[in-house]
Each structure stands twice: as structure tokens, then as C-alpha cells.
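2 protein chains.
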Amino acid sequence: MNKPAIELIAFDADDTLWVNEPIYTEAQQACETILRPYLGQEVLHDRLYEFERKNLQIFGYGVKGFVLSMIETAIELSQGRVKGEEIQRIIDIGKEMLARPIEVLEGVRESLEALSKQYELMIITKGDLFDQESKIARSGLGDFFSKVEIVSEKTPQTYQEIVRRHHIDLRRFLMVGNSLKSDVLPLCEIGAHAVHIPFHTTWVHEQVAPQQLDGKQYWELNDIRELPGFLDVSLADTV
Amino acid sequence: MNKPAIELIAFDADDTLWVNEPIYTEAQQACETILRPYLGQEVLHDRLYEFERKNLQIFGYGVKGFVLSMIETAIELSQGRVKGEEIQRIIDIGKEMLARPIEVLEGVRESLEALSKQYELMIITKGDLFDQESKIARSGLGDFFSKVEIVSEKTPQTYQEIVRRHHIDLRRFLMVGNSLKSDVLPLCEIGAHAVHIPFHTTWVHEQVAPQQLDGKQYWELNDIRELPGFLDVSLADTV
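These protein sequence lines are chains F and Y, in that order.
Here the first sequence stands for residues 955 to 1193, numbered as in this note's numbering.
Here the second sequence stands for residues 955 to 1193, numbered as in this note's numbering.
Just so you know, the hints here were simulated from the structure itself, not pulled from any lab data.
If a hint is listed, it holds; no wrong ones were tucked in.
For identical chains, the list gives no copy identity; a pair is met inside one copy or between any two copies.
Simulated crosslink set (DSS-like; lysine-lysine; CA at most 27 Å straight-line): (1) K1008 x K1135; (2) K1037 x K1008; (3) K1049 x K1037; (4) K1008 x K1049; (5) K1170 x K1135; (6) K1071 x K1101.
Start from the sequences and build out the full structure, keeping to the hints where you can.
Next comes the structure, spelled out in C-alpha cells:
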């Protein structure tokens, strides 16, 4: 067999290897129940997202910033009437989010197992350092990956810096993830390969307008289990 | 001149390159003022540290976890009576901590400037990824450092992993920092050089018992400005 065209495959983690966004959605619903008496006609979701968006620049991504945004939303929507005990329940929801077992997505373990025989595997994930390290450990998938990069943002510069630091050959590098904004478009920009594997739900902050995809070259797969076969056939020709 | 014995110097950041612990102390005092009506005979400091210590395993280090611990302390000490508006003020204290200008310690810039001519410099700092990246950028010192590692804990394993990843020659590597627990003792354990430069105040969590230092070999300097001269003389002999 020839040397494979791709040598190193990097995976996003949240909603690519394991369930993430639904945990936030669920947490938000639990907060909505706690705050029901104060909500009136207000929709928690919109106000929360406003706080989250503003706070991203101060807190970055992750559960702790989410909880702080949720508390601020609760204070504003209740006009300061939210009770200490209710705030404590919101904090406890955050603590549960940070401690709950990792739900590895279907087909992930077997696909990583197959891929790890032929390729070097890497994780590139965005978020809170402490939380992401803990999730990788709890997922039981850590041993498949020879490199792990936890970053605060996924911009073209972020990827360029990673490529430089690890002496990665861009033409033999593939990024795989569920977010067009974070895992695909920045790679198109720096001239690397990217495979998009959509997850059934995407945080509004990660959504992209169709025109942003115009003229971009990347691959779309429905399921991570298709990746090994896809690499044997399609990407073998591109280098 | 001969090749210097030390090639790579890694610096801790908080309270080694810039002021950190006093910002937490100040924030705690501001919270104490807010919570004064509920405190009675209670001392905020002890109860807060209890929450912080318990929460470190869930939240990790950094301002966001500190704010969440502070809110939990406020709820408990006020028996749930703390007002929404008071919680908001605590969150605002956290936001100010994250946005305030970085106060680079005296002598740091000139020392880094001198050292960077002869040695490769690195930052190894513990804490929240987003916050630490922002502090490095705001400090204006980023360009002195060719490598930056932000880690969630500073154990001997953490340092061993960094040494492995960067192909660092342990005998030519020196760590410099203000915390015996995080910047000195783990280095003694893995057989690397360490210089302790004490800061005037140390968080109780970073304090070590005298017997932990028994038989450990490291150097103590009072001021970072002594480091260039010290390296020329003392450490030139140790390799």
C-alpha cells in the first residue's frame, strides 16, 4: 500500500466525539423552570443569549461563563427578586454539567480505533481548559490521541499557530468537526482539508450564513463511521 | 564566551511577572463590604476558602470559579437572604478583575529584555486559558516568550509532559516562580533547576509546610533583577 495522503487527523471534541450542546439546552430548560415565577411573557433563551454573547469576550467559552450569564439573566429578568436559594440551584446545575458522565457519540470509538491504526490522531477543542481536560479523561478516548490542543478560539490564526508549533504538513492534515464556523471555514482559509460531520443541533453562536460557504471546498459526511472508507477513496487523490 | 549552561528559562506568570494575588484579596474585601449586613461574627475569608477549596476540583483555578465560590459563600452566610442586586455587584467585581490593566512587577521588563538576548524564554502558567491568554496579551510582555504553556495544574507530571512535548533538555532548563508548591518543588522532583523569587503575599492554597522543603535543592533570589547575574555565575557551574 502507498503512504496515505493524509497523515494527521484532528478532531473537534464537543458534539463531534461526544454530546455537548444538548447538555446546555437541558440546563437552560432546568433554569427556565426555576425562573418560571419571574418570567411572565419573557423568553429566557433570547435574554440569556444576549448575556452570553456580551460575556463571551470577558469569560470565554465553557460552563462557568454560562452559569454566570445565567445568573445575570435571572437577576435581570426577576428585577433583582430572584432568591439566594434559586441562584444556588442554578450553580448546582452548572456543577452537574461539569461532573456528568461523558456520552460518547455512536460509532466514535470504533472509528477512532480503525483510524488510529493508519493515522496519527489529534484533538483540537475550544473551551475551558480544566473542563475540556476533564472531559477527555472521562471520555476514555484519550489514548487514541497523540496530540491535544485546547484553545480559547478557533480562528485561522489559531490553526496556523498549531500547524507551526507541531510542524504539521498542511497538505497531509485533515480537520474533522461539527461546526462549520470553527472546524471547517478556518481550515478552508489556511488551505487545509476539512470534513464536516453535522450534529443535530448547533448553538446559534456557531451558525454561519449560507453565503459564507460560497466557493469553499470541504467534505460533508453524515456519520463518523464513513470517515475511514472516505479517506481510503476520496482523499487519497487530493495530495 | 562558552555556551551557557542553561538554555531555556520558564517563568511562572501570576505574582512572578505581574501582580495577581493582591487583586483577589482586594476583590474579597469589596465582597466583604457588600455582605457586611449578613456577616455578624462570621469571617468571610475562612468560609470563602472552604468553598474555593471544595470547588477547585470542579471549577479549576481562575476568576470565574472564584466568583462562583464567592456567590455560594454569600448565599450561605446570608442564609439565602442576599439580594439579586448584591449578587450582580459580586459578578461585576469579577468582570473588573478580568478586564483591569496588568501591573507588571518592577524590574520584570528590563530583566526579560536582558535574558532574552542569551536564553530562550517560556511562560508556564496555571489557570483559566482564556484569562491567562488575555493577561499575557495585555501585559505587553508576550514577545519575549517563544513558548507559552497554560496548564490546569502544576504537578511533576505536568512539567514532565511539557519537557517531553518540547524536547527540552532537563539539565539546561530552569523554572522561575513565586510559588514553592507549583514552581519549585515539582521541578526538584523531576531533577530540573528552579529559582524561587518570593512575592510578598501567597494564597493559602499555595503554601507549603517547612518539612516539604527538607533536603530540596533550589535557589532563592529576592528580585528578578538578580537573575541575569546569578545565571552568569552560579548556574554556569551546575551542568
